[in-house]
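Novice: Construct the complete structure from the given sequences, taking the supplied hints into account.
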Amino acid sequence: MKTKFRTGVAVLGALALFATGCGSSDSDGGDGGSASGDTIKVGFAQTGSESGWRSANTESMKEAFSEENGFELVFNAADNDPAAQISAVRSFISQGVDAIVIAPIVEDGWDDVLQEAADADIPVILEDRTVTSSEDLYESWVGLDFKKEGVMAGEWAATEFGSEPTKMVVLEGTTGSAPANDRAEGFDEAIAGSSIEKIDSQTGEFTRDGGKTVMEGFLQKYGVDGIDLVYAHNDDMALGAIEAIEAAGGVPGEDIKIVSIDAVHDGMQALVDGKINFIVECNPLLGDLAAGLVKSVLDGETVEKQVYVEDQSFTQEQAAEVIDSRAY
Amino acid sequence: MTRLMKHRLFWPVFSLLALIVINTIARPQFIKITMRDGEFYGALIDILRNCAPLMLVALGMTLVIATRGIDLSVGAVMAVSGAVTLTIIDGSSSPGSTSTVLVAILAGIGVSLVLGLWNGFLVAVLDIQPIIATLVLMLAGRGVALLITDGFITTVNSEPLNFVATGYLFALPFALFIWLAAAAAIAIVERRTALGVLTEAVGINPEASRLAGVRSRGIILGAYVASGTLAGIAGIIYSSNIRAADANAAGDLIELYAILAVVLGGTSLMGGKFTIAGTVIGVLIIQTLDSTILFLGVSSAQSPVFFAIVVVIVVLIQSPRVHQWGRALTGGFRTRPGTEVRNDAEVTA
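Protein sequences appear in the order of chains A and B. Be aware that the first sequence starts at 1, since it is given in our numbering, and climbs by one per residue. Be aware that the second sequence starts at 329, since it is given in our numbering, and climbs by one per residue.
Some hints could be false.
Simulated restraints, written as ranges between beta carbons of each label pair [stated by the list, open to error]: (1) A/A84 <-> B/S422: 36 to 46 Å; (2) B/L467 <-> A/E59: 36 to 46 Å; (3) A/D81 <-> B/L584: 12 to 22 Å; (4) A/A120 <-> B/L467: 27 to 37 Å.
Stretch-level coverage of chain B by chain A, calculated; a stretch enters the list once three of its residues show a Cβ under 8 Å from a Cβ in chain A [said to hold, decoys possible]: (5) 351 to 358; (6) 364 to 375; (7) 480 to 494; (8) 549 to 557; (9) 566 to 577.
In silico DSSO-like cross-links for lysine-lysine, where the CA-CA straight-line distance does not exceed 30 Å [as the list claims (entries may be wrong)]: (10) A/K198 <-> B/K360; (11) A/K147 <-> A/K41; (12) A/K148 <-> A/K167; (13) B/K360 <-> A/K257; (14) A/K295 <-> A/K305; (15) B/K360 <-> A/K167; (16) A/K295 <-> A/K257; (17) A/K41 <-> A/K148; (18) A/K62 <-> A/K148.
Hints were generated in silico from the structure; no laboratory data involved. Predicted, not measured: the structure shown is a model, and the values here were computed from it. Note that CB positions come from ideal geometry on N, CA and C, so glycine has one too.
Specialist: In structure tokens, the structure reads:
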């Protein structure tokens, strides 16, 4: 009965969305002028909701910019459409928000709209990704050091395998994306001169399906015995690789070791289960730092142009200790 | 030999075999199939298993294209059906029981059937252009799927669900049997009854066929329902394969690959004559091409270009005009121009 009800709800939900099309965006109705008093009205232009990481990031931002913390948040998710994101920022400007936070979908094309924000005296904070525009056009950037994540993963691999000859395959992120490029670069630097040899590398598009399909191909090409280590640019691809290794009759974590980046919940569970050997965290909880920056900027304090979030890393034992207490 | 070469599936099959030969030369283990724990294992088996989602979607697309339509929403429908099925299993008290999984799968397929019906309603009853009608669902559907999964990837551990994509039956992947059954069912219904001819008639000239007494509305509606339902099954196989509902990645861009497969198989986008066997070959070509990229070790940055070049070559190999030029160059003037160009009158015969 319960399942029937759930299906019914799903169908209704589906139909309801047809009725509204895709117009369920940010309109707050007619709340007139910006909130007076102490609340700070902040517009946040998110990229979309493409991954578990992004969802956790959105949650973190919504919590940090809550009413209890003295904010009024105008939220927009642009569904990874750069033009829609820029028009969302324009609408923030015309609504007269006190500050704007942007997680830019692409790096280019921001000059005009950032200039408009500057002309309107609205400070802009960038979150997660950066832009190519002049640094004068935004107050600060808060995010992660992808290259350092790669370095941390690479250092673990270099120590773990020591002088043992090691054959490694890489599951790359989306070709050309900053995390994929920087994580590859950092890792390669860290293993330079070690006994690890990169025998193959292919993009798995940051998805489980991509990771699994590419890993199946690698296993057909080299066999379970021909691969010692998998470096996955994110947890989802590592989870796909686990499936492929098990299907090929290998034991992930033992026959073939796996190191990945992200530390989302399913990845951490696999780490606790011994199927992944090491994970470097890519912390999505940027909300509090971003909210702190907004407050400082509005109080007239000078802030750092670049604020890096400290990333942790986890071994299997460390993961077992923290997995229950993690928020995402 | 010339009779064989005139067969319309000759060139698609030739392209597929050429790809397999290239792979085998590059890495001989490509062709190797071993028996492990009573199950066949090898790169070719992987291709036959992994092509299942694209195969089902492309089969549905073939029917829609035959009616002179197009279904852009298949990827979104995949995402929705996967999300519905896995959310139900995830929420149930006994995710491992076969009955739970069956109910969930039927729910997923049921929802996709309704989505297909919606597309068909827009196209057949309201007369909206297919590309626009299905675009609505393409954009909204993924949003629905994200809503169902709360924007997260829902991971489910359920043996009966895993069996759908990764299980084995008679030493062969179960997913292979799913798409074989679908292809056979469609081929029988379309070719052993008048439905196939009626579908082609609707695709070639909807107005004329209506005047001739063909109930084109029902046939068009049926094609979209079939496409939606098959996409729903594809979505469940996709989710089963990764044991998770990934609303963002499931079926991403699959509509374009399905259209490509249909065209590679020899069905014209202008509607009308269609070939189920051709679509099967087209999908196998695309799936083999994916493996080729891995086996030849083409780097990620170059692989889209590599893919595009191979597709262009395959399309050129199949082009009647190129064949004529080829024959002219080799000095033969036995060509009968026009025989291989689609002939609409043929169908009415």
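Novice: So, for every hint listed, does it hold in this structure?
Specialist: Against the structure, the hints come out as follows:
no.: 1; hint: A/A84 <-> B/S422: 36 to 46 Å; in the structure: holds, 43 Å
no.: 2; hint: B/L467 <-> A/E59: 36 to 46 Å; in the structure: violated, 24 Å
no.: 3; hint: A/D81 <-> B/L584: 12 to 22 Å; in the structure: holds, 18 Å
no.: 4; hint: A/A120 <-> B/L467: 27 to 37 Å; in the structure: holds, 32 Å
no.: 5; hint: 351 to 358; in the structure: holds (count 3)
no.: 6; hint: 364 to 375; in the structure: holds (count 6)
no.: 7; hint: 480 to 494; in the structure: holds (count 4)
no.: 8; hint: 549 to 557; in the structure: violated (count 0)
no.: 9; hint: 566 to 577; in the structure: holds (count 8)
no.: 10; hint: A/K198 <-> B/K360; in the structure: holds, 25 Å
no.: 11; hint: A/K147 <-> A/K41; in the structure: violated, 34 Å
no.: 12; hint: A/K148 <-> A/K167; in the structure: holds, 23 Å
no.: 13; hint: B/K360 <-> A/K257; in the structure: holds, 26 Å
no.: 14; hint: A/K295 <-> A/K305; in the structure: holds, 15 Å
no.: 15; hint: B/K360 <-> A/K167; in the structure: holds, 23 Å
no.: 16; hint: A/K295 <-> A/K257; in the structure: violated, 45 Å
no.: 17; hint: A/K41 <-> A/K148; in the structure: violated, 34 Å
no.: 18; hint: A/K62 <-> A/K148; in the structure: holds, 27 Å
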